[in-house]
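Construct all of the structure, not just a fragment, from the sequences and the given hints.
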Amino acid sequence: MADAGTMPVPQGYDVYLERSKAIYPLFERKEELQNQTHYCPGCGHGTAHKLIAEAIGELGIQDRAVAISPVGCSVFAYYYFDTGNVQAAHGRASAVATAVKRSRPESIVFSYQGDGDLAAMGLQPSRSTRPTAVRTSRCSSSTTASTA
Amino acid sequence: MSRDANRRARQLIKGNEAIVKSAVLAGCRAYYGYPITPASEIAEAAALYLPRAGGVFLQAESETAAVNMLYGAASAGVRAMSASSGPGMSLMQEGMSYLAGAELPCVVADITRGGPGLGNIAPEQGDYFQVVKGGGHGCYRTLVLAPDSCQEMADLTTLAFHLADEYRNPVVVMADGFIGQMMEPVAFASVAKLPPSPAWAVRGTVETRRNLVSSIQLEPDNLEAHIRKLEQKYIRAEREAVRAEHVRTEDAEVVLVGYGVVARILKSVVEQARAEGLRVGLLRPVTLFPFPSVALRSLARHARVFLTVEMSTGQMVEDVRLALNGAKPVEFYGRCGGNVPSAEELLRVTREVARRAHPVLIPDHVAAQEVCHG
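So the protein sequences, as listed, match chains A and E.
This note's numbering puts the first residue of the first sequence at 1, with every later residue one more than the last.
This note's numbering puts the first residue of the second sequence at 1, with every later residue one more than the last.
Don't take every hint at face value.
EDC-like, lysine to aspartate or glutamate: derived pairs with alpha carbons at most 16 Å apart [as the list claims (entries may be wrong)]: (1) A:K30 - E:D221; (2) E:K233 - E:D165; (3) E:K267 - E:E344; (4) E:K133 - E:E318; (5) A:K30 - E:E219; (6) E:K14 - E:E184.
Note that these hints are calculated values from the structure, not bench results.
Structural data, given as structure tokens:
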């Protein structure tokens with residue numbers, strides 16, 4: 001079994017072995033969830049969160065970042081993202097995001113939405129945002145992150 | 001109108017435009033909305049005034065998006081508003097519930113028109129249940145202010161922003177299309193000092209990085225505690241924020257109750273009825289929630305009968321009956337579909353109600369006149 005530290009790095013890729021400062025080092029089990037779980041074992045949200053947090057760290061925008069979380073399991077994305085957090089109604093995260101951005105132009109706002117929240121119910125509100133980048137990560141709940 | 005307002009220069013202005021001008025003076029720096037008759041001049045004026053004041057105007061693709069943009073702007077700690085009429089207000093109700101749940105301050109003007117469905121674009125008061133009782137889901141209320149003049153469109157908009165901040169709750173300025181479309185001289189308040197951004201806002205700064213705006217409480221005990229907190233705000237509003245105008249109610253045997261343009265017509269009715277020797281007064285709720293129940297109850301001591309007039313088939317009358325709790329009879333007269341009752345029509349109704357309540361209330365010469373006119 002190959003050691004991850006000695007694996008060859010493909011051309012054009014950088015390897016980061018440090019944890020991003022944009023995500024809490026420990027995910028404290030919230031008092032209200034003592035008898036419940038949050039993300040299920042095997043869920044892809046953890047990976048999506050980690051990738052977004054790393055991008056925030058790389059870009060050095062943690063203090064300016066505002067996460068708009070959707071409805072669904074990732075409604076609690078604010079448990080994990082050490083950024084400003086606003087929780088939106090189902091399908092409305094991009095409408096909320098555009099107003100946060102327009103109110104605070106220095107902020108970097110991103111909405112974190114799944115296929116239903118963004119692409120089905122949320123397709124119309126997402127028209128009023130001006131996405132600068134849309135990244136789609138395929139994971140168990142087809143989560144899409146878009147920046148307003 | 002306050003004495004202070006009398007001293008200031010007045011501007012002839014449409015009710016709808018007065019809302020926007022007053023909002024900007026009160027520190028509103030964000031308008032998100034979708035135009036609809038008879039509220040469209042609000043969006044039009046906002047498109048003119050907001051950018052000039054360094055604010056944001058955006059025509060959303062729907063009222064659903066607009067109300068969620070209000071949610072975003074309020075989350076970012078900016079004084080924000082929107083406006084609509086019946087069909088658009090229906091679309092906004094989901095967002096009103098979220099705004100109240102997340103305790104976000106903002107102002108929405110509802111310039112009411114005929115319904116249900118597409119209805120028409122003439123003034124009606126059929127939105128009372130939706131706006132005052134809360135058309136969204138869950139245990140929440142919106143504070144509702146009901147102007148009856150262009151001056152009050154300005155003054156109550158100023159008040160709405162203060163109440164929204166004080167109670168961290170959406171406030172609705174509900175005026176019928178009549179008040180929205182008419183022009184009157186208005187004295188505006190001086191420019192308000194912009195309040196500091198609230199500490200709880202999410203501004204995308206290092207100081208506000210740990211802030212969270214949300215309406216979700218998964219644990220029942222936590223949600224109940226949150227709802228009880230909201231409930232306490234509404235109880236405090238009922239104690240501290242309630243407003244009503246009294247017109248010759250001090251000795252009234254017939255108390256008329258009406259708001260918006262109806263109250264203006266009822267003021268004429270009070271004058272004419274008094275000239276005929278009938279002891280008639282008017283109680284005009286200025287706040288529809290909180291409702292002036294205590295003021296109404298105190299009038300029951302000397303009133304023989306209450307007559308509620310609305311441009312609907314009877315919505316506010318339920319609150320009048322709840323307030324009086326059977327202490328005195330409550331009669332109702334309504335016009336709807338965009339028809340505005342005339343003073344003559346309402347005077348006739350007032351005489352009939354007075355006669356039914358107590359025949360000797362009607363002086364003989366008035367009774368004779370009634371017979372002559374059939």
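message: Check whether the Cα positions of E:K14 and E:E184 lie no farther apart than 16 Å.
response: Judged against 16 Å, a Cα distance of about 7 Å means the pair holds.
query: Are the Cα atoms of E:K267 and E:E344 separated by 16 Å or less?
result: Cα-Cα ~12 Å, so holds.
message: Between the alpha carbons of E:K233 and E:D165, is the straight-line distance 16 Å or under?
response: Cα-Cα ~12 Å, so holds.
- prompt: Taking 16 Å as the top limit, are the C-alpha atoms of A:K30 and E:D221 close enough?
  reply: 14 Å, holds
- request: Given the hint that A:K30 pairs with E:E219, test it: the Cα-Cα distance must not exceed 16 Å.
  value: Within the cut-off at roughly 11 Å; holds.
- request: Please work out if E:K133 and E:E318 have their alpha carbons no farther apart than 16 Å.
  value: 11 Å, holds
Violated hints are absent here; each numbered hint is respected by the structure.
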